[in-house]
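Each chain, written out:
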Amino acid sequence: MSNTPSTPDVENASLEDRLYTVKYEDPGESHLDVQVVGFCVERCTTDDCVDVCPADVWRKDEDGEPVIAYENCLECGSCRFACPYNNVVWEYPENGSGVTYQYG
Amino acid sequence: MTTDTTEQTDAGGGIAADRTVSDPDYDDAFDAVVVGAGLAGSAAALTMASASLDVLVVERGTSPGAKNVFGGVLYTPTIRELVDVEDAPLERYVGEKRFGVLTEDDETAVSIQPGAWRDDPHNDSYTVLRGDFDEWFAEQAVEAGATLVTETTVTGLLRDDDGTVVGVETDRPDGTLRAPMVVLAEGGNSLVSEGADLKERPERGDVAVAVKEVLEFPDADDAIEQRFRLTGDGGAAYHYFGDGAVGDAFGGAFIYTNDDTLSVGLAYRIDDAVTTQPNPAETLDHFKSHPAVAPLVRGGRTVEYAAKTIPEGGAEAVPDLVHDGAVVVGDAAGLVLNNGVHLEGTNMAVESGYYAGLAVADAVASGRTKAHALADYPRSLESSFVVKNLEHYEWLLNAVEDDRDLLFSELPRAVADAGAEYFRVDHAPKHDHAANAKSRLFETVGGWRGAAKLAWRYRKVIS
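Line by line, the protein sequences are chains A and B. To convert, note that position 8 of the first sequence is 8 in this note's numbering; the numbers rise steadily by one, no gaps. To convert, note that position 38 of the second sequence is 38 in this note's numbering; the numbers rise steadily by one, no gaps.
Hints listed in this document are in silico derivations from the structure and should not be mistaken for laboratory results. Take these hints with a grain of salt, some might be off.
[As the list claims (entries may be wrong)] Across the chosen pairs, the derived CB separations fall in these ranges: (1) B:G156 / A:E29: 17 to 23 Å; (2) B:R159 / A:K23: 33 to 39 Å; (3) B:A109 / A:D17: 28 to 34 Å; (4) A:T46 / B:D162: 39 to 45 Å; (5) A:Y20 / B:G340: 30 to 36 Å; (6) B:D105 / A:V89: 41 to 47 Å; (7) B:D105 / A:T46: 27 to 33 Å.
In this text, a Cβ means the ideal position worked out from N, Cα and C, and glycines have one as well.
Generate the whole structure from the sequences, applying the supplied hints.
So this is what it looks like as structure tokens:
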């Protein structure tokens, strides 16, 4: 019997590396937006879009304004459901752009 | 409507005679347009095409499955009747199901591997990868006569003066497509159905966010067989609950064995994801590092990371399935069962697509497309396992929500402690350990009376 740790280390890929595994074609413009600009700063205190996103698409800048890294998007739609103010505009990326899952 | 090289046709089904495949005009050329080439959409297309309808399937991805994510175990009782699954890209049959309850550092698990599951048709349960399977399943619909167009997004529905749905708008130039019937099989993020007021956006308490990694093991060819004790085409489906799986959230985690990869992931309610629970990617990291999980996944290289949302609102959250000129199927119709023990959606998607396809074929054959002419679809679904299962477990969603701390946190801890105590090896007699184990459990569930109440409340989980 040895004294090596009983739980083997699992090297979890960084989110960046994980996202790099997904085949992606940039639609050229964001398929995500906010309905009412300024609303997030004025009214939102919970940042639910940021908390739920599996891909770090939604971030808030210093002023609380959302910054949308749409090219990270895995197209799950969770931000759309999460926002209690229905302030997320979500459109399907057009003409086959966005993610292409090889495994799924 | 014009497209480039993205359509597949079989025997030119549905295209007007004066059009060529390279310059088709699909407007008014089809009896039905299916939005989305997932399991529900392709099942509907296959069923309608087999009934001699001219069917167009519009898929927004580069190929069927390109936008689709699931856990995944595919349940095949109806698929088997529709197509020859022997030819399908299946990964492994499910030969073992294992349910593990995780605290931060304990696991208490139950495993079943009935001998009958090793025999064909393997309880109709197979791991698959949707990129492969959905493409194959859509091909079966094309071979039955349907026309498939990819890289084309439906952006809205067309209605006539009295509100009947009479086709779709797409993102293609001249992308208006009129057709008597539209089948909405667009998945859980159902922008078209919601945009056309065929359903409301589900509450976030009724929707789960899910993430998954597909792992391969470049340094150990037999890692999957060894770690999961597999032989031949046999595979395993491991499900996990409790703090060690998804923290304080309402949900669970999973590991499924594919042919030479693992699907590892978890899902929990969006209501919980927006609280103190770490984000889904971090929650997945935490699960993979659990002492009982890490030995199964270590050394795995992520070959794909994926996310999706799952409609889990149960029977109450299922929207109207038929409308004038349109039907809603699969995830778009909220047809997913998650009662903790059974996690099913693929079979319900196929069943709904099949019944919707039959109803649409009958309606179109008699020249009618109003909702009442399509009533066979909800009627058939209600008498099938799909709605019966959803209704049978409706009570469970509420009960589990009320008891969530007990079920996901306190009870797993107590079971782990009681197990350790019951089997403790020291100088005390076993009788003392058994008594201590019993009182550890009883203090959590509230004695015999509490245990009896719990057993009664959850009796229908397995009955």
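Going through the hints against the structure:
Between G156 of chain B and E29 of chain A the CB atoms are about 19 Å apart, so this pair conforms to the stated range of 17 to 23 Å. Between R159 of chain B and K23 of chain A the CB atoms are about 36 Å apart, so this pair conforms to the stated range of 33 to 39 Å. As the Cβ distance of A109 of chain B to D17 of chain A is approximately 31 Å, the hint placing it in 28 to 34 Å holds. Against the hinted window of 39 to 45 Å, the Cβ-Cβ separation of T46 of chain A and D162 of chain B comes to about 43 Å, which satisfies the hint.
Between Y20 of chain A and G340 of chain B the C-beta distance comes to about 34 Å, which sits within the given range of 30 to 36 Å. The given range of 41 to 47 Å is respected by D105 of chain B and V89 of chain A, whose C-beta atoms sit roughly 43 Å from each other. At about 31 Å, the beta-carbon gap between D105 of chain B and T46 of chain A stays in the expected band of 27 to 33 Å.
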